[in-house]
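Student: One-letter residues, chain by chain:
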Amino acid sequence: MKPIFLRGPSFLLRLSIVIAFSVLLFLADSQFNLFASSRLYLNSLVSPIQYVADAPQKLSIAISENLLTRQALKERNQQLEKDNLFLKADRLLLTQLQNENKQLRELLNSQRNFSYKRMITEVMSLRSDPFTHQLLIDKGASDGVYLGQPVINEQGVVGQVSQVGSTTSRVLLIVDASHGIPVRVQRNDIVAIVHGSGAWNKLNLPFVQSNADLKEGDLLVTSGLGGRFPAGYPVAKISRFNYQKGALYADVTATPVALLDRSRYLLLLWNDHQFTESELSLDLESEDVIAK
Amino acid sequence: MSLLNSYRVIYCTFLLGLTGAIYPLPIFLNAFRPDWMVLIIFYWVLALPHRISVMHGFVLGLLLDLLLGSTLGMHALLFSLLAYFVSIGYQRIRYFTLVQTTLLVGFLILITKLSLYWLASSLQEIVLHKHYFWSIFTSMLIWPWFFFFMRYLRQRFKVS
Numbered sequence: 032m033k034p035i036f037l038r039g040p041s042f043l044l045r046l047s048i049v050i051a052f053s054v055l056l057f058l059a060d061s062q063f064n065l066f067a068s069s070r071l072y073l074n075s076l077v078s079p080i081q082y083v084a085d086a087p088q089k090l091s092i093a094i095s096e097n098l099l100t101r102q103a104l105k106e107r108n109q110q111l112e113k114d115n116l117f118l119k120a121d122r123l124l125l126t127q128l129q130n131e132n133k134q135l136r137e138l139l140n141s142q143r144n145f146s147y148k149r150m151i152t153e154v155m156s157l158r159s160d161p162f163t164h165q166l167l168i169d170k171g172a173s174d175g176v177y178l179g180q181p182v183i184n185e186q187g188v189v190g191q192v193s194q195v196g197s198t199t200s201r202v203l204l205i206v207d208a209s210h211g212i213p214v215r216v217q218r219n220d221i222v223a224i225v226h227g228s229g230a231w232n233k234l235n236l237p238f239v240q241s242n243a244d245l246k247e248g249d250l251l252v253t254s255g256l257g258g259r260f261p262a263g264y265p266v267a268k269i270s271r272f273n274y275q276k277g278a279l280y281a282d283v284t285a286t287p288v289a290l291l292d293r294s295r296y297l298l299l300l301w302n303d304h305q306f307t308e309s310e311l312s313l314d315l316e317s318e319d320v321i322a323k
Numbered sequence: 004m005s006l007l008n009s010y011r012v013i014y015c016t017f018l019l020g021l022t023g024a025i026y027p028l029p030i031f032l033n034a035f036r037p038d039w040m041v042l043i044i045f046y047w048v049l050a051l052p053h054r055i056s057v058m059h060g061f062v063l064g065l066l067l068d069l070l071l072g073s074t075l076g077m078h079a080l081l082f083s084l085l086a087y088f089v090s091i092g093y094q095r096i097r098y099f100t101l102v103q104t105t106l107l108v109g110f111l112i113l114i115t116k117l118s119l120y121w122l123a124s125s126l127q128e129i130v131l132h133k134h135y136f137w138s139i140f141t142s143m144l145i146w147p148w149f150f151f152f153m154r155y156l157r158q159r160f161k162v163s
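Residue numbers (the working numbering), protein chains in the order written: chain A, 32 to 323; chain B, 4 to 163.
Some clues are possibly wrong.
What the hints assert, rightly or not - Derived SDA-like pairs: lysine to any residue, alpha-carbon spacing no greater than 25 Å straight-line:
#1 A:K233 / B:W121
#2 A:K89 / B:N33
#3 A:K119 / A:R149
#4 A:K89 / B:C15
#5 B:K116 / A:F42
#6 A:K268 / A:A243
Bear in mind the hints are in silico, worked out from the structure with no lab data behind them.
Bound conformation, chain A alone (with noise of 0.2 Å):
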């Protein structure tokens, strides 16, 4: 043991080197976004610690599966078969669809393209910070992610990779009250911006008409503008469209179609004619404002 004289100043310089280098940290990473890059080497370095920590639930989802009796297997197999039949019987048309559409876009002068790359991947259910919206999924810049990356669900859109680790990376969900996501209602064609409220179901739509053409259960589909989101995607349904007389813009929430919460496994998409800044006027041009 030292003797405790000794000790007192130095414990109050550490105390405010440390402060200080906090402080330093938390403005150069939430004012200036200082780490963008070097978030991938911060994240690198913890995620062992998050596979430990994921292990144990999946061992026990690797157990129960293979627990699992010949009968419900079969069951299983069947469901799926039928399931499969649907689907396919699906694509039959819309294959097609999209050969008129191409073709109607060809007379149009306005073509499309549709990314078709994508990647699986799987939600590791650990704790994240209890003010924001995200979750952690087991693919990072190891696999191609990149930051903004869309990320979708079978039911919509979930929200956009926020940061990337060599092999784990963060999705922001939409429903952060930082994220908002460009859409149009998918019945008029009316254009309009989702902001995430901060609570789990609930969306906002700011800067909407109060004349506007919305109604409740309208669906919203991402719009493709910003060039951040391909577009066609379901992102929410209207739930309230409220306007008080005279008033310049309606008050309007909508509701994630997406179950945010409870998807164990999600795709991520790659969006390949992402707009450079400059040509985000072009792109307003020739997509979805004018298609209508």
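We have chain A already, so just place chain B on it with the hints.
Tutor: This is chain B only, laid out in the frame that chain A set:
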């Protein structure tokens, strides 16, 4: 026992604590998850203030920030402050009864949670649910057992 061995035991508990802080729990239990890192830092600073103090708090907070994906520096700042306050008062706290320490733990966790909320709400709008504070009570319930377990560990492995 040797210094290396002491640190090995201490760092093992740190790793376990970090794992416990992110370990997946069912949604209804998630709010009741004890704040393992606060408990562990509190215990080790109280027991060995000349080994574990501000720097350790900072590094552990930074690791937790990375693990949770929160803004860097949030937990780092609070954990280093926590370590500081415990390390200047450890002589008094050691003479506390178990009930008093438990109350102190609850108080420290409350302060930590409030400051975390304050820091996070300075960045963006936050909806605060009241179950955000439930973990204070589970942490206080766990503390006595945790304390005896850690003391057993410390004596068993002669950590000093």
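Student: All the hints need checking, so say for each whether the structure fits it.
Tutor: Outcome of the hint check:
1. A:K233 / B:W121: holds (23 Å)
2. A:K89 / B:N33: This hinted pair holds, its Cα atoms lying about 18 Å apart.
3. A:K119 / A:R149: At roughly 19 Å apart (the allowed maximum being 25 Å), R149 (chain A) and K119 (chain A) satisfy the hint.
4. A:K89 / B:C15: Distance of about 23 Å is within 25 Å: holds.
5. B:K116 / A:F42: holds (24 Å)
6. A:K268 / A:A243: Satisfied, since the Cα-Cα distance of roughly 16 Å is no more than 25 Å.
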